[in-house]
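So the chains spell out like this:
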Amino acid sequence: MILYDYILSASCYQVRLMAALLGQPLTTRAVNFHPAKEHKSPEMLKLNPKGTLPVLQDGDLVLTESAEILRYLTRDTPDWRGQDEVWLSFAAALNGSIGTARLHDILSYDADIDAVRRAGVQHLRQLEAHLVEQRFDGMIFLTGHTPTIADIACFPTTALAPDGGVSLDVYPSIRLWMRAIRSLPGFIEMPGIHRLHELEAAP
Amino acid sequence: MGRLDFARCALLECVLRERGAVDWIAVGLSVDVPAGTVVPRRVNDTDMAIWCSAAGKLHAWGDRCPHRGMRLSHGFVRGETLSCIYHGWQYGMDGTCSYIPAHPQLEPPKTICARSYACNEQDQMIWVALAPTQAKTPDAEGRRPVRSLEITLPVAKVAEGLGHPMSSLMVLGGVYDLAVALQPSTQHSCVLHAFAGADQERKQVSRHLEKMRAELESADA
Ligand SMILES: N[C@@H](CCC(=O)N[C@@H](CS)C(=O)NCC(=O)O)C(=O)O
Ligand code: FES
Numbered sequence: 001m002i003l004y005d006y007i008l009s010a011s012c013y014q015v016r017l018m019a020a021l022l023g024q025p026l027t028t029r030a031v032n033f034h035p036a037k038e039h040k041s042p043e044m045l046k047l048n049p050k051g052t053l054p055v056l057q058d059g060d061l062v063l064t065e066s067a068e069i070l071r072y073l074t075r076d077t078p079d080w081r082g083q084d085e086v087w088l089s090f091a092a093a094l095n096g097s098i099g100t101a102r103l104h105d106i107l108s109y110d111a112d113i114d115a116v117r118r119a120g121v122q123h124l125r126q127l128e129a130h131l132v133e134q135r136f137d138g139m140i141f142l143t144g145h146t147p148t149i150a151d152i153a154c155f156p157t158t159a160l161a162p163d164g165g166v167s168l169d170v171y172p173s174i175r176l177w178m179r180a181i182r183s184l185p186g187f188i189e190m191p192g193i194h195r196l197h198e199l200e201a202a203p
Numbered sequence: 204m205g206r207l208d209f210a211r212c213a214l215l216e217c218v219l220r221e222r223g224a225v226d227w228i229a230v231g232l233s234v235d236v237p238a239g240t241v242v243p244r245r246v247n248d249t250d251m252a253i254w255c256s257a258a259g260k261l262h263a264w265g266d267r268c269p270h271r272g273m274r275l276s277h278g279f280v281r282g283e284t285l286s287c288i289y290h291g292w293q294y295g296m297d298g299t300c301s302y303i304p305a306h307p308q309l310e311p312p313k314t315i316c317a318r319s320y321a322c323n324e325q326d327q328m329i330w331v332a333l334a335p336t337q338a339k340t341p342d343a344e345g346r347r348p349v350r351s352l353e354i355t356l357p358v359a360k361v362a363e364g365l366g367h368p369m370s371s372l373m374v375l376g377g378v379y380d381l382a383v384a385l386q387p388s389t390q391h392s393c394v395l396h397a398f399a400g401a402d403q404e405r406k407q408v409s410r411h412l413e414k415m416r417a418e419l420e421s422a423d424a
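Those protein sequences? They're chains C and A, same order as listed. Numbering follows this note's numbering, in which position 27 of the first sequence is assigned residue number 27; successive positions increment by one, without gaps. Numbering follows this note's numbering, in which position 16 of the second sequence is assigned residue number 219; successive positions increment by one, without gaps.
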C-alpha cells in the first residue's frame, strides 16, 4: 500500500495515523506539495485528476478521499466502525473552516480568514457540545467507548486549529478527547501534534 | 515576577474590589482537569496553568516557565510535579524548580519558582483568587456542575444580559435551578461555568445553556 503523502497535511496524517493504530504497513511517497506543487504534476494528475492529497494506491485500486481511505483501511476491523458517516462529513466541514484557516496562515492560501475562523469556532462549539453529552454517558469518543474512523477523521484538523489562529483552550471536552486519542497504543505524531510525554519513562 | 506585573496585579485587585468584589473566580470543573493533566486558563487577562497532580492536588500557576517563558500549560504532569515541555525543567508542589535535566547533578536554587495563585476545589468546581483573600469559596448549595462555555462577550455584558449583579456565583434559579460563575477571560470574552439542580438531566441543561449563549451573543450583535 502506497500513500502519496505530505507531512504537513492534516488529511494525509489521518491516513498515516489510522494505519499506525491498526498496525498496517504503509509505504509513504513524499510529494512536494509546497512550494513545488508536485500534487499538480502530470504524473500525480494521472493518478488523481483532482490534484489533491492524500492518494492511496493498493495494487490497481486508487483512492483519493481521506474518508474513503479510512473506510478502506478498516474494512476488516468492525471495531473501528460506528455511526461514522455524519462525522466524516463533519470532518470535511472542519477541513473547510479550520483547515483553510491553517493553510492560509502557514502556506499563504487565499481565504476570507475572518469568515473561516468564525465558521471554525462554530464547528468547535458543535464538537464540544457533542463530546460534553458523550461524557455525561461515560464515553470519551465521538461514537462510543472506543475510537472509530469518526475520531480519526476529525482529530487532525481539530488538533491543528491553533496553527490557523483558532484557540482550543476553551473546549475542555475536546481537549480530553484529543488526549484520549493521543493515549492510544500505536499513536504517531505529526508536526504540531505531539505525543503524551508523561506516558514515557522519566529521563 | 517583574515589578510591573506586580503593580498590575495590585491595580487589578483594586478594580475588582470596586466592581463588587469577586474574590474567587471559577476556572473550570474538576472533572475537566483530571489527575495528571494541565490546562491553560486566561483569568482577567492573566494566563494560568491549572494542573492536577497524580495524587489529585490542584494548583494554579502563572503560565510562564521561569526558565525561558514557555507556557507551562503546554507541559506535562508526572507524579506530583509539572514539567515544562521546552527544556524539561521540573517544578514541585511549592512551585520551585526541583530538577533540570541538562544539569542532573545540580540542586536548583529555590529562587527559581513559578508564580502561584490560591486555588481551591469546592462543589467539584475549581476556584482561583488573583490576590490573597480571606473570603470563603462560594457554596453551590447542593447543585452540581454541568459544564463550561466560552461566551464572546465581556463579562459585564453577560452579567447584564443575565440581569444579575456580578458576584462569584450568581443564582439564576429557573426550571433547571441554575447557578453560574463567570470567569472574565479577555476584554472581549468570558467563560460561563454552570451548576444545576442535582437531579436535573445534564444533557437538557447543556442544550439550554447553548441556547442561552446564542441569545446573549445575538442580543449584542
Ligand atoms: N477531499 C480531500 C481533501 C484533502 C485536502 O484538503 N487536501 C489538500 C492538502 S491538505 C489538497 O490536496 N489541496 C490541494 C488542492 O485542493 O488543490 C480529502 O479529505 O481527502
Ligand atoms: S522554558 Fe521551560 S524549561 Fe526552558
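Keep in mind that the hints were calculated from the coordinates and are not lab data. The reader is advised that the hints may include incorrect statements.
[To be verified] Pairwise CB distance ranges (calculated):
| no. | chain 1 | residue 1 | chain 2 | residue 2 | range |
| --- | --- | --- | --- | --- | --- |
| 1 | A | Leu309 | C | Pro78 | 21 to 29 angstroms |
| 2 | A | Gln327 | C | Ser183 | 42 to 50 angstroms |
| 3 | A | Ala401 | C | Glu133 | 38 to 46 angstroms |
| 4 | C | Leu196 | A | Gln325 | 28 to 36 angstroms |
| 5 | A | Gln390 | C | Ile113 | 15 to 23 angstroms |
| 6 | C | Arg75 | A | Ala305 | 28 to 36 angstroms |
| 7 | A | Glu344 | C | Ile113 | 40 to 48 angstroms |
[Unchecked claim] Covered stretches of chain A (chain C as the covering partner; in silico rule of three or more C-beta atoms under 8 angstroms from a C-beta of chain C):
| no. | region |
| --- | --- |
| 8 | 241 to 254 |
| 9 | 258 to 271 |
| 10 | 331 to 343 |
As the structure is a prediction and not an experimental result, all values here were calculated from the model. All C-beta atoms in this analysis are idealised placements derived from N, C-alpha and C, irrespective of residue type, glycine included.
Each hint, compared with the structure:
1. A/Leu309 <-> C/Pro78: 21 to 29 angstroms: 54 angstroms, violated
2. A/Gln327 <-> C/Ser183: 42 to 50 angstroms: 23 angstroms, violated
3. A/Ala401 <-> C/Glu133: 38 to 46 angstroms: Given about 19 angstroms between the Cβ atoms, the range is violated.
4. C/Leu196 <-> A/Gln325: 28 to 36 angstroms: 29 angstroms, holds
5. A/Gln390 <-> C/Ile113: 15 to 23 angstroms: With a Cβ separation near 21 angstroms, A/Gln390 and C/Ile113 satisfy 15 to 23 angstroms, so the hint holds.
6. C/Arg75 <-> A/Ala305: 28 to 36 angstroms: Between C/Arg75 and A/Ala305, where Cβ atoms are some 48 angstroms apart, the hint is violated.
7. A/Glu344 <-> C/Ile113: 40 to 48 angstroms: 45 angstroms, holds
8. 241 to 254: Holds, because 4 residues of the region 241 to 254 of chain A bring their Cβ atoms closer than 8 angstroms to Cβ atoms of chain C.
9. 258 to 271: Not satisfied, violated; 0 residues make the cut.
10. 331 to 343: Violated - the region 331 to 343 of chain A has 0 residues with a Cβ nearer than 8 angstroms to chain C, which falls short of three.
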